[in-house]
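Trainee: Working from the sequences, and respecting the hints, build out all of it.
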Amino acid sequence: MISIEQLSKVYQTKDRKIIGVDDVTMSVEQGEIFGIVGYSGAGKSSLLRCMNILERPTSGKVVLDGTDLLSLSPKELRTARQSIGMIFQGFHLAMSKTVLENVAFALKASKVGRVERRRRALELLDLVGLSDKADQYPAQLSGGQKQRVSIARSLANDPKVLLCDEATSALDPNTTQSILKLLKKINRELGLTIVLITHEMEVVKEICDRCAVMEEGRIVEEGETYHMFAHPQNDLTKRFIQTVLDFNLPKELLEKSKGTIVHMKFTGELAGESIVSDLLKNYEVSGNILHGKVDYIQNKALGTFVIELTGEDAEVQRAIEHVRQKVEVEVLPHDGSVHHSVAGAE
Amino acid sequence: MMDQFITLLPELNKSFLETLIMVAIGLGVALVAGLPLGLLLFVTDRGLFLENKVVKSVTGIIVNLVRSVPFIILLVFLFPFTNFLVGSTTGPVAASVALSVAAIPFYARIVESSARDIDRGVIEAAIACGASPWLIIKDIIFPEIKPGLISGLTITAISLIGYSAMAGAIGGGGIGDLAIRYGYYRYDNFVMFTTVIILIVMVQVIQYAGDFLAKYVKKG
Chain A
1 MISIEQLSKV YQTKDRKIIG VDDVTMSVEQ GEIFGIVGYS GAGKSSLLRC
51 MNILERPTSG KVVLDGTDLL SLSPKELRTA RQSIGMIFQG FHLAMSKTVL
101 ENVAFALKAS KVGRVERRRR ALELLDLVGL SDKADQYPAQ LSGGQKQRVS
151 IARSLANDPK VLLCDEATSA LDPNTTQSIL KLLKKINREL GLTIVLITHE
201 MEVVKEICDR CAVMEEGRIV EEGETYHMFA HPQNDLTKRF IQTVLDFNLP
251 KELLEKSKGT IVHMKFTGEL AGESIVSDLL KNYEVSGNIL HGKVDYIQNK
301 ALGTFVIELT GEDAEVQRAI EHVRQKVEVE VLPHDGSVHH SVAGAE
Chain B
1 MMDQFITLLP ELNKSFLETL IMVAIGLGVA LVAGLPLGLL LFVTDRGLFL
51 ENKVVKSVTG IIVNLVRSVP FIILLVFLFP FTNFLVGSTT GPVAASVALS
101 VAAIPFYARI VESSARDIDR GVIEAAIACG ASPWLIIKDI IFPEIKPGLI
151 SGLTITAISL IGYSAMAGAI GGGGIGDLAI RYGYYRYDNF VMFTTVIILI
201 VMVQVIQYAG DFLAKYVKKG
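These protein sequences, in sequence, are chains A and B. Residue 1 is where the first sequence starts when you use full-length UniProt numbering, and the numbers rise one by one after that. Residue 1 is where the second sequence starts when you use full-length UniProt numbering, and the numbers rise one by one after that.
Misleading hints may appear alongside valid ones.
As the list claims (entries may be wrong) - Computed beta-carbon distance windows for the label pairs:
| no. | chain 1 | residue 1 | chain 2 | residue 2 | range |
| --- | --- | --- | --- | --- | --- |
| 1 | B | D117 | A | E189 | 36 to 42 Å |
| 2 | A | L190 | B | K215 | 53 to 59 Å |
| 3 | B | Y208 | A | Y39 | 30 to 36 Å |
| 4 | B | V58 | A | A170 | 53 to 59 Å |
| 5 | B | Y185 | A | A139 | 54 to 60 Å |
| 6 | A | Q136 | B | N13 | 46 to 52 Å |
| 7 | B | V58 | A | G41 | 47 to 53 Å |
| 8 | B | R120 | A | P74 | 47 to 53 Å |
| 9 | A | Q136 | B | L9 | 49 to 55 Å |
Read the hints as simulated data drawn from the structure, not as lab findings. Where is the CB? At the ideal position from N, CA and C, for every residue including glycine.
Mentor: Put into structure tokens, the structure is as follows:
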């Protein structure tokens, strides 16, 4: 669908060069929701804006459906952009236009006639649930409603792909959820490919099929969302995932604990409870559950279980070895200073 | 006093009309030439969709050049051009040549600065929609700055009233001319006060009408 080859974007200021995107090669498949995560300044926004040539890459290729966007004339590029929708953190609606006119503008850009523009714009407003706001001005809408208008505008020309530039970052958690639901609905119903960038791992967890983590202009890790959550490799990825899956045991609890604190991670179909109950049944140890949580990512369960095992050291070790054969196990230190996935964090 | 006023009335009417003609022509030209010039200054700016360093700097320099010449000097400087254009250097129509030349860059800068107040993101979103530069100017920039364009016209009109008094002093006619001829050369305070009051009322009316209109066209 979209393939990006060795793309770099360098910003030249008076006295130095700033590398925005550094030799990125990636591709987004037809019909998927692809997330790019990173802190601000990681280059994710530059990368996204290179995908519709809002920013012209310094080098590399952007190929959409077999068309190299960089080889197009200005006019051809405008036509190509009509098949790439885009929404922004700040919505970017024209304040002097009504909701309907804002959506119709995109259709005007593709030279759709007046009557058809109105019909299609109303249809799109209906899709995003704002038919009753057609004649209002953006200033009268809430943030979530504004983003819906901008989604309607971005969908006006039946795009092949939708680019989302921090689309939910300015919204409260509830509104974020409803916008994400809408994006997912569009993705499923219209088969629209979505590329989104965000600094919120929650967003990725919620809707992305695949994701990539960016740092200093490079993609440091990329893969299926579930896999990334279950088996993060890069420290930065771990840190991002921690923001969603994090559990913080009180320091005093860890310090006071006499037993061995074991952190288990259950992925896929494994039922956490039976493994734990087996463990307690078959070994001479007693367990004290400190934390337990199951997250659903792409409808697959990812369970976290922290248990304090007490008993004879050798027996506890055997018990841990037994569990290790089935799930990922980590023994947490008692001082509470090091969290298993905090390694590398500030 | 009433008698004085009645004797003055025909002259006052004529002067008032002349001022109106000068301001109206200046304002008309400002709108027709200054508006596109202001938009050109804006869209050729750095980071905008018709970025063009050469056009931007050349236009900018010309605009600054005209604006840096004091109006009364510009007036005299343009006499040959005025003579060529309207065949005379006196009268309101001749005066309005210099007024127009001064009004164009004045209004252009106002247009440019109101366009700069538009959220760049809105323009960017329009580009992302695949809109052509002309569509963006006509359908996004223009409606967004419409209230600013009208406020700008108000400011320009009021400045032109001031300039027209100077033009009057060297043969352009108008209320300023009246004030100088009677009030300054003949120490006729009555005429002077009358003209000042008329000018004050004119400025107030224009400002009020301008504000009202700007508010009226403001949407959203």
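Trainee: Identify every previously stated hint that the structure contradicts and give their numbers, smallest first.
Mentor: 2, 3, 4, 7, 8
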